[in-house]
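Add chain B to chain A, keeping to what the hints say.
Spelled out from the first residue to the last, the chains are:
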Amino acid sequence: MSDETIDQLQPQRASRIGVWAVMKAILKHKVSCVGVVIIILLSLMAIFAPLIAPHDPNEQDLYHVLENPSRKHLLGTDDVGRDLLSRVIYGSRISLLVGVAATIFAAVIGVILGLIAGYKGGMVDMVIMRITDTFMCIPGLILLLVMAAALGPGLHNIIIAISLIGWTGFARIIRGQVLMVRELPYIEAANAAGASGFRIMFRHLLPNSLAPIIVAGSITIGGVIMLESAAAFLGLGVQPPTPSWGKALRIGYSYLEVVPLFSIAPGLMITLAILAFNFLGDGLRDALDPRLRGQGKKIE
Amino acid sequence: MKRYIASRLLYSILILFFVSILIFTLARLMPGDPIQAAAMINTDLANPEIMNDLRAKFGLDKPYHEQYFLWLTDFAKGEWGDSLGSGEEVLAMFLRRLPVTLELFIGATFWSFIIGFPFGIIAALRRNSWLDASLTTTSIIGVSIPVFWEGIVFIYLFAVILPIFPPSGYVPFSESPWENLLSVAMPTFVMGTQTAGLLARYVRSSLLEVLGQDFIRTARAKGLREKAMLIRHAARPALLPVVTVIGLSWGYMVAGSFLVEYMFAIPGLGRMGVNAVFARDFPVIQATLVIVALNVMLANLTVDLVYGYLDPRVRIH
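Chains as they are written, first to last, in the numbering used here: chain A, 1 to 300; chain B, 301 to 617.
Hints listed in this document are in silico derivations from the structure and should not be mistaken for laboratory results. Any given hint could be a false lead.
Stated by the list, open to error - Chain B regions said to be covered by chain A (calculated; three or more residues, Cβ under 8 Å): (1) 314 to 320; (2) 451 to 464; (3) 551 to 562; (4) 591 to 604.
Keep in mind that this is a model prediction, so the values were computed, not measured. Think of the CB as a built atom: it goes at the ideal place given N, C-alpha and C, for glycine as much as any other residue.
Next up, chain B with everything else stripped away, as it sits in the complex:
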């Protein structure tokens, strides 16, 4: 197990290195000079001499590889630079917005669990019935429905026609727990729908595969009741592939948070990212990309480790 963990960690560090090059390259490919962009926003800087000084200060006059290592070492030290738009420290912006996005992630995971698991389990147990067919079709719809359209339909139904939830905005939990829950109910549901659909499909197919195996027949033959059989024998092996889906979804939920935070006007990391791209706010774009990639990688690493723990066969490869 130790060797397995070490190899996964090494692999993650290697990929992180590659990702950092990709991010740096993407940011450099963007048209326009960040200093010029800053000068457009803050006209005090619009002076060739000041702009050149700034370029020297940020190391933008150096060759690309030197710039890259400078950025990498600064980033590792926690010096993420200042936003070109607001002048605020990027690290501080990130820390302020992190709890908001984290709440959305947890809420979305909650919804996907309480929908995905029952859907998948019932569909598997009632295989090939009309119930299975309708649950499975609902799951495909859940996977296919775009976050932004589902969001709009929900806002129209539950904020315009039936004003139950606020159409947009975010109330911090510390201000009013009840209003906080109301303000995140729709965004988190919308964000979790796709994962719920995927989860239902994987739980179904993985449970069906396990239920077809000999040890389940043995459990049934010795007279074990259906519920006990499910919990004691089928649950653990059936959960294995599901772990992957949960991990992958957690990593990719970021894309959902970009859309949801944009449309519901929630001041989280996703909204910060979208705004930064449109404002060409390079320090914020780079930091957002690193955070997004780190999140995906940590989710993958966790899946690998959990998998290695649950299924000893994996460790050998």
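So that you can see chain A by itself, here it is in the shape it has in the complex:
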């Protein structure tokens, strides 16, 4: 067998696209650079919150409630006199944690189901995809409201509920990818060599679908942050006194005329976070998957 045929048996895989090449492509893409910078800043803020925050986020001062910005409280205080800036800084922890954790769980569920559907085909595929369609019939926020009400409040339950909602997009993407490469010679070769279905799915089919998963993952993190804060705004979410952007927005909204920053500042942070992940997703798409350029995906 000549070297040439071996090359043909192993078409270039997504996983072979080096980390450096991707980073270079992102650096060239101005908008996604902005996204990366914002994400790095937000992550630093979440990690070093205790060092950056000027006050204890849970320290109440009932003599100074609902104050507008001053030298002592740069963003003012909330309805029980807590320092808003500190709460906004700590709030990044919840949003990023929920965004990343729920996206990872959702991706795992979606990838496994999508791989099985695409690889097995037939009845199995039919059933899995109809379940996916079924979940997609109810918009995420509404499904989340009902699921969160069923599971009860709390950080864990919010992450579980969002994971159980967000997997559908991943399942569809992976299935589509698998269908495209399933008939390629290298899969046939793996089959002929006696590889198990499990091995083919995870060793051969999965690496080939990594690029779209990464792109979808980045955009999904933004979508999850939006879902979490929307749910918190409606009154579901982490328990007080944990600082959360969505919760602050909900309470601050009632005092909009008195202390506008109470709701506008955390909202701006939510928007920045979502925007950053969408920007990054755009850059990654251009870097990893030029065919999809210019399209947007949304989960709501």
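Same frame as chain A, but now just chain B:
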């Protein structure tokens, strides 16, 4: 075409069946017993005997599969039950609130069209210029900005600082057409922003793809003017993917209406849904979920049919 329509309809009915199981399961997963919940609201019912009678009356003492079919057949007959909170018939509540939410949907679609289409077309025609870059970036911002934050900023700017619009509330059109338009202007704009952004991006990419094709070069080569070329040759094929976005957005706008109606205190279906979830008002929750799912499915079905009509290639698959 007939076969295509039949297959799409069959598929929709199958999915509707699955969705009904999902909704029924979700409602049953909610903690608490609906009768107990009703008794908490209406203390006259707080008597074990009455509660057991009620359970028997609503079939809650039967096994789950029997309950499911009972619910399904009643729902199909239009017997959606009564709200546990107000005692009002759920179907009547729905019909009363439907026009309000429908107005929001139409308004949001209007805004998204008058922003999304020009943005997308101009960006495509001025490809890679600073104008394209700023319009495209604005579109991503439009897609990313959360409905509730945009709403708050708008209320602050245009109701608190510059009191042009009412900060919240809803005036029916029959009462005062002008005040009605004022009261829905901000909510519909906020609801339509995300769709506007998506639309702009899809119109741009789809138009760019069409403009790069041979038949457009031919049209240009034979001396057709830019405008005529756009309208006669580029518009139809470029619209195809856009149809999908419009349909999807219509289906998913419900989520926006939940948030917008909640924050602007608009008495529509979204507010009914949010209130029902917090009050554990099971009949209303179930009905809301069915309506929401039906809306998404009808939007998808319409997209499929329009697509099949516009693009004959689709019908084969």
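Consistency of the hints with the structure:
no.	hint	in the structure
1	314 to 320	holds (count 4)
2	451 to 464	holds (count 5)
3	551 to 562	holds (count 8)
4	591 to 604	holds (count 4)
Hint violations for this structure: none, all hints satisfied.
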